[in-house]
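Visitor: Next come the chains, spelled out residue by residue.
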Amino acid sequence: MSYIVADQLGKSFGNGAAAVHAVSDLNFRIAPGEFVAIMGESGAGKSTLLGILGAMSAPTTGRLHVDGIDVYALNPDRLADFRREYLGFVFQSFHLVPYLSVIENVMLPLAVSRQGNPEKRRRAQDALAQVGLDGKADRLPGEISGGEKERVAVARAIVNAPPVLLADEPTGNLDSGNSREIMRMFQRLNASGMTVIMVTHSAECSGYAGRVMQLSDGRLKTDRRIAAATLRRAS
Amino acid sequence: MTLKLISIRNLMRRKGKAAFILAGLVVGVATVVGIFTFVEATAHDIAHKLEQYGANILIVPKTENLSLSYGGLSLGGVSFDLEEIRESELARLATIPNHRNIAAVGPIVLGVASVESRRMLLAGVDFKAAGILKPWWRVDGRFPQDDEVLLGAEAARALGLETGQGLSVNGRNLVVSGRIEVTGSQDDQLAFLTLATAQQLFAKSGKISMVEVAALCKDCPIEDMVRQIAAVLPGAKVMAIQQVVKSRMEALAQFQKFSYGISAVILFIGGLVVLVTMMGSVRERTEEIGIFRAVGFRRSHIMQVVFLEAGIISALAGVFGYGLGWASAAAALALSGDGHAGTAPFAPELALAAVVLAVVLGLAATAYPAQLASRLDPNEALRAL
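Chains A and B are the protein sequences, given in the same order. Going by my numbering, the first sequence opens with residue 147, and the numbers climb by one from there. Going by my numbering, the second sequence opens with residue 4, and the numbers climb by one from there.
I should point out that these hints are in silico values taken from the structure, not numbers from a laboratory. There's no promise every hint is true.
[Stated by the list, open to error] Calculated Cβ distances over 12 Å to all of chain B for the following chain A residues:
id : residue
1  : 149
2  : 151
3  : 153
4  : 213
5  : 261
6  : 275
7  : 289
8  : 290
9  : 291
10 : 299
11 : 322
12 : 362
[Stated by the list, open to error] Among chain B residues calculated to face chain A with C-beta under 7 Å, some are:
id : residue
13 : 12
14 : 16
15 : 294
Virtual Cβ for every residue (Gly too), placed ideally from N, Cα, C.
Please put together the full structure from these sequences, using the hints given.
Guide: Put into structure tokens, the structure is as follows:
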């Protein structure tokens, strides 16, 4: 069963002869619960593809279906609701709101929900506990380390319990120890049923994924599944 | 975690920007409140002074018309040699509903007499009331008592009389008590006597030819007073001297137009301050807005956050602006040295209007930046960093 279906996805910037084709003719299917690493060199179209998968950047050609929903046929409000309900984002540079505390950053996706504040706080505390940061809930982002910021970003991405987690170079700003910690966290989330799609150019990080899609010049060059025996294991 | 909390936290974090917007709006609102308070108080004072500026209601006997103008004003039909009003009837003026608005009642007896072999118009007046009814009179000498006469400038010149000299009026010897300096009105041609002397000279004891009334009337309906006086003096014709009323209203209207114009300019500038600052704020917050959009905020949620911030600052600006404007007006009135100190009243409706005005202005000026923020593409916003 396919959960995410990319059908002839393409994205161009500019018009006519000056047009730059960031990604072209992408066709793939991702089943629920897969852990996919998207790899490629700089300019290969990895982040553009992630923007399309994240319902943040409409493709110029093709269609994207998630859970049977034609994502870019949704109106802007429903598209925002889709992002909130289906997707969690982890960005390379964390993108935490500097004037909100750790727990408030985690609660951000819940700000527009109808849940009461106690319920929002409970869910945020659960998410922080999952990433091992429940003792630093009231600190500001400026008061914690880079690795901790990344974990706050992960907690924020999973607080809504979305079916899909998207990560853009999640270890790009981390040392090897913190990178391994984040990858193991992703494996645990994936093991709990969450579909994880991660853009990376780190071969080590891609070793944690069960499937690696290689992009080159905006096209899908290879798409291979990793044998379970060769996967790096969460400790 | 609510949108309101996000707005408040952002305001607390960007205190400098918030203070700048607050200051811009406070200055705008304070200027408007100050101008309005000052103009209202000044207009009230001007109106009060205008009320002292002579008669504005004329009472004449009901009779067949004879064309006569008085004081350069077209008064319609006046006849002084056919019928008179009884002096005792004037007491009824104290019974009209708006009697508190009557500043002075000036009965006049008019008659033509032979003065030093010349025929001229004489007027018997109540000189106490004349001080209010004709404040523009400048008398060289003093007001007359019985058997004395006060000459208009032209009458004195024509008769060749000076203060202290005697003259014969219908065979009765009177002394010139003084001369009125040139007024440019018909008063220059007249000789003025006390009411009692004139009534004796013209054998009109207890009768009067016409009555001038000064109504204290900034906002009171002068036409209502005319109707009220006509009701208690059914035998008289009561007229409002429209020119005076109109000039008063025009003076006040000019003041108000001026204040509206200045206020509009200041508010426009205040709005620009908010607009420019909020635009800068939105640009600075591209990352945040990208994050909000990425985690599922709708465009309307982004607008709510921006509007909430502007609304909170604007409401505060309304409160502070009213206080500052009121204090400025009170200080300006005190400094004007015209006895206005402490006359700037606390007006709850103006305070409420100031807050509403500040909020409406703040939100209106924020509309474009808020829309701009809501339309930021989250992918572009985050990748541009």
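Visitor: It remains to establish, for every hint, whether it holds in the given structure.
Guide: Quick rundown of the hints versus the structure:
1. With a least CB separation of 19 Å from chain B, residue 149/A remains clear of the 12 Å interface cut-off, as annotated.
2. No Cβ of chain B approaches the Cβ of residue 151/A within 12 Å, the least distance being about 21 Å, so the stated non-interface status holds.
3. No beta-carbon of chain B is positioned within 12 Å of the beta-carbon of residue 153/A; the least distance is around 20 Å.
4. The claim that residue 213/A lies off the interface holds: its Cβ sits roughly 16 Å from the closest Cβ of chain B, which is beyond the 12 Å cut-off.
5. Under the 12 Å C-beta cut-off, the non-interface status given to residue 261/A relative to chain B is violated; the minimum distance is some 10 Å.
6. Residue placement check: residue 275/A keeps its beta carbon more than 12 Å from all beta carbons of chain B (closest about 17 Å).
7. Its beta-carbon lying about 14 Å from the closest one in chain B, residue 289/A satisfies the requirement of being farther than 12 Å from that chain.
8. Every CB of chain B lies more than 12 Å from the CB of residue 290/A, the least distance being 17 Å, so the non-interface label holds.
9. No beta-carbon of chain B is positioned within 12 Å of the beta-carbon of residue 291/A; the least distance is around 20 Å.
10. A beta-carbon of chain B is positioned within 12 Å of the beta-carbon of residue 299/A; the least distance is around 10 Å.
11. The Cβ of residue 322/A lies farther than 12 Å from every Cβ of chain B, with a closest approach of about 25 Å, so its non-interface assignment holds.
12. For residue 362/A, the shortest C-beta to C-beta distance to chain B comes to about 20 Å, beyond the 12 Å cut-off, and the non-interface label holds.
13. Because the beta carbon of residue 12/B sits about 5 Å from the nearest beta carbon in chain A, less than 7 Å, this interface hint is met.
14. For the restraint placing residue 16/B at the interface with chain A, the shortest Cβ-Cβ distance is roughly 4 Å, inside the 7 Å limit, so the hint holds.
15. Taking 7 Å as the C-beta contact cut-off toward chain A, the hint placing residue 294/B at the interface holds, the least distance being around 5 Å.
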